[in-house]
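Hey, can you work out the whole structure from these sequences and the hints?
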Amino acid sequence: LVLSGQDDDGHDDGTVLILSADHGRFIASTREGRVLTVSDGKGDTLDPDGVAIPAIAKRWRVVPSQKGGAFLLSEAHGHRVACDDRGEVYAIASEDGEGGQWMAWNFELQSGELCFISSPAHDKRIKCTPFGNISTSGTWLGWEIWRLVEAGDGNVYITSWPHRQYYMSSTPEGKVLGSKIRGGWGKWAVAQAPNGVGVVIKSVEHGKLLGCDGKQLYTTNSKGGPEIWHLESANRGLFFISSIAQNKQIGCAPKTGNSPGGIFTTKNKMSYEKWLIERNRGEITFRSDAQGGYLGCSEGGEVTMSPVLGDSEVWCIESVPNGTALVSNKHQLQLSCNSEGKVECISLQDGCVREYEAWNFEPNLPYPMTGHQLGILSAAGTATVVCAVVMPFAVTGIMGALGITSEGAATGVAAAGIMSRSAATGIATAEAAGLGFTGMGAAISGGALIGGSVSAATIAGTRALKNNETTTNTDIGIEDNSSVSKRPFCAWKTW
Numbered sequence: 001l002v003l004s005g006q007d008d009d010g011h012d013d014g015t016v017l018i019l020s021a022d023h024g025r026f027i028a029s030t031r032e033g034r035v036l037t038v039s040d041g042k043g044d045t046l047d048p049d050g051v052a053i054p055a056i057a058k059r060w061r062v063v064p065s066q067k068g069g070a071f072l073l074s075e076a077h078g079h080r081v082a083c084d085d086r087g088e089v090y091a092i093a094s095e096d097g098e099g100g101q102w103m104a105w106n107f108e109l110q111s112g113e114l115c116f117i118s119s120p121a122h123d124k125r126i127k128c129t130p131f132g133n134i135s136t137s138g139t140w141l142g143w144e145i146w147r148l149v150e151a152g153d154g155n156v157y158i159t160s161w162p163h164r165q166y167y168m169s170s171t172p173e174g175k176v177l178g179s180k181i182r183g184g185w186g187k188w189a190v191a192q193a194p195n196g197v198g199v200v201i202k203s204v205e206h207g208k209l210l211g212c213d214g215k216q217l218y219t220t221n222s223k224g225g226p227e228i229w230h231l232e233s234a235n236r237g238l239f240f241i242s243s244i245a246q247n248k249q250i251g252c253a254p255k256t257g258n259s260p261g262g263i264f265t266t267k268n269k270m271s272y273e274k275w276l277i278e279r280n281r282g283e284i285t286f287r288s289d290a291q292g293g294y295l296g297c298s299e300g301g302e303v304t305m306s307p308v309l310g311d312s313e314v315w316c317i318e319s320v321p322n323g324t325a326l327v328s329n330k331h332q333l334q335l336s337c338n339s340e341g342k343v344e345c346i347s348l349q350d351g352c353v354r355e356y357e358a359w360n361f362e363p364n365l366p367y368p369m370t371g372h373q374l375g376i377l378s379a380a381g382t383a384t385v386v387c388a389v390v391m392p393f394a395v396t397g398i399m400g401a402l403g404i405t406s407e408g409a410a411t412g413v414a415a416a417g418i419m420s421r422s423a424a425t426g427i428a429t430a431e432a433a434g435l436g437f438t439g440m441g442a443a444i445s446g447g448a449l450i451g452g453s454v455s456a457a458t459i460a461g462t463r464a465l466k467n468n469e470t471t472t473n474t475d476i477g478i479e480d481n482s483s484v485s486k487r488p489f490c491a492w493k494t495w
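If you count the sequence shown from 1, position 18 lands on 18 in UniProt numbering, and the numbers rise without skipping.
No lab work stands behind these hints: they were computed from the structure.
Where hints are given, some of them may not hold.
Derived lysine-lysine pairs resembling BS3-like cross-links, with alpha carbons at most 25 angstroms apart [stated by the list, open to error]: (1) LYS175 x LYS215; (2) LYS180 x LYS215; (3) LYS330 x LYS342; (4) LYS342 x LYS248; (5) LYS342 x LYS267; (6) LYS248 x LYS267; (7) LYS342 x LYS269; (8) LYS269 x LYS248.
None of the values given here were measured: they were computed from a predicted structure.
Quick look at the structure:
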């Protein structure tokens with residue numbers, strides 16, 4: 001589901017495009033009720049018979065049903081998409097305000113927060129091979145990344161990121177395996193451990209906690225010890241800091257003596273351009289992953305690197321239309337990049353940030369793209385699909401780095417897959433808005449993403465996530481049922 005329209009104030013108007021991730025085609029409807037797919041999601045186009053399909057005929061609203069699920073309402077004609085008992089799909093007008101359930105649809109989210117699942121007792125990560133074998137590993141690479149997909153009721157499915165057909169599942173006897181079936185055995189509850197030193201992961205179906213002996217995984221009825229897990233964002237807090245106007249990244253030169261080297265800009269995205277974003281006393285800091293020094297600002301506006309963290313290395317962030325403004329907390333000077341690529345700090349304009357000096361934070365990811373994922377990108381030919389593969393966790397990664405959390409079922413789902421600034425504002429806090437996320441350098445068409453802000457905030461609010469049972473989590477290490485709705489997962493330390 002792709003955000004498609006804006007109101008007069010430039011905010012998302014709630015309409016969506018429905019895009020096939022495999023084929024890159026959009027669902028549209030005609031006045032006569034025919035439902036078809038077209039290649040262009042923005043402008044007017046022609047159907048296979050040469051009949052004009054206006055752009056508005058591809059826009060839909062997700063409307064809640066009082067009986068569960070949601071209706072897909074055509075923005076152009078007001079028709080609802082229906083499916084009869086023969087499996088035929090068409091759009092019809094309904095005078096019944098509620099409409100029949102044959103017009104209602106359930107949604108299963110496919111995107112979610114990307115995390116490493118690590119055992120602190122053994123310093124091992126959970127790993128999935130291309131054949132679905134689940135074990136532990138001492139590395140932090142692509143096979144160790146998992147996508148936590150909202151399953152409703154605060155529960156999640158845990159699916160391998162590079163081998164997305166496999167869901168982590170457990171048997172009644174306690175064996176943990178990779179399964180291609182998205183069912184009850186693969187549904188998990190994640191909550192903060194009673195002592196707050198990590199999280200516990202419980203099988204919803206069997207009521208057992210996920211554990212590890214250092215090599216093998218299992219589920220058990222016991223508490224504590226090896227059953228404690230840490231969740232860390234897939235980029236491990238590392239981002240590229242990119243100037244939007246100049247399309248360059250800030251880098252740190254090699255050390256000179258015992259001090260970090262100087263600051264430069266480049267179009268590269270290598271080790272010297274990676275920065276660890278950390279929260280500090282309500283503001284943020286940027287620490288070079290390669291050199292260990294902190295990005296700072298002098299009183300005269302020089303951008304500096306310091307081996308130790310001081311007041312001059314603390315920054316404030318402020319939302320601007322195209323991204324994020326970075327202001328030195330001590331000197332009240334704004335980070336800038338000129339046309340020659342020089343980074344400096346300049347004075348504010350009448351006490352306000354200069355909107356054109358905007359920056360993006362782009363996550364640094366392992367890149368274990370499978371053949372199937374590459375096929376999707378090639379077939380669709382759109383930057384939006386790139387976001388489907390790598391970006392649903394990006395906002396949650398930065399939210400986790402900044403200590404921003406959101407609670408409740410709807411906000412929890414939303415926190416698992418947001419990209420647009422307006423979506424971030426709607427699900428968490430104004431502090432999360434305007435952070436200027438990009439998807440591996442890809443420009444996101446129309447502020448769009450797949451399985452993100454719409455399928456999170458809208459679908460969660462409509463109760464369209466399919467649930468066959470109501471679960472409780474008051475036993476086996478999860479004392480408060482509301483705790484399973486805390487998000488982002490990577491920010492568990494601040495829950």
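So, going through the hints one by one against the coordinates:
1. Between the alpha carbons of LYS175 and LYS215 the distance comes to roughly 13 angstroms, so the proposed pair stays at or under 25 angstroms and holds.
2. Pair hint LYS180 plus LYS215 holds up; C-alpha atoms about 23 angstroms apart against a cutoff of 25 angstroms.
3. Distance check on the hinted pair: LYS330 and LYS342 sit about 21 angstroms apart at the alpha-carbon level, within 25 angstroms; holds.
4. Distance hint between LYS342 and LYS248 is fulfilled; the C-alpha atoms sit about 10 angstroms from each other, no more than 25 angstroms.
5. Restraint check for LYS342 and LYS267: the C-alpha separation of about 13 angstroms stays at or below 25 angstroms, so the hint holds.
6. Restraint check for LYS248 and LYS267: satisfied, since their Cα atoms lie roughly 5 angstroms apart, inside the 25 angstroms limit.
7. Only pairs whose Cα atoms come within 25 angstroms are accepted, and LYS342 paired with LYS269 is accepted, the gap being roughly 17 angstroms.
8. Between LYS269 and LYS248, the direct Cα distance comes to roughly 9 angstroms. Compliance with the 25 angstroms bound is thereby established for this hinted pair.
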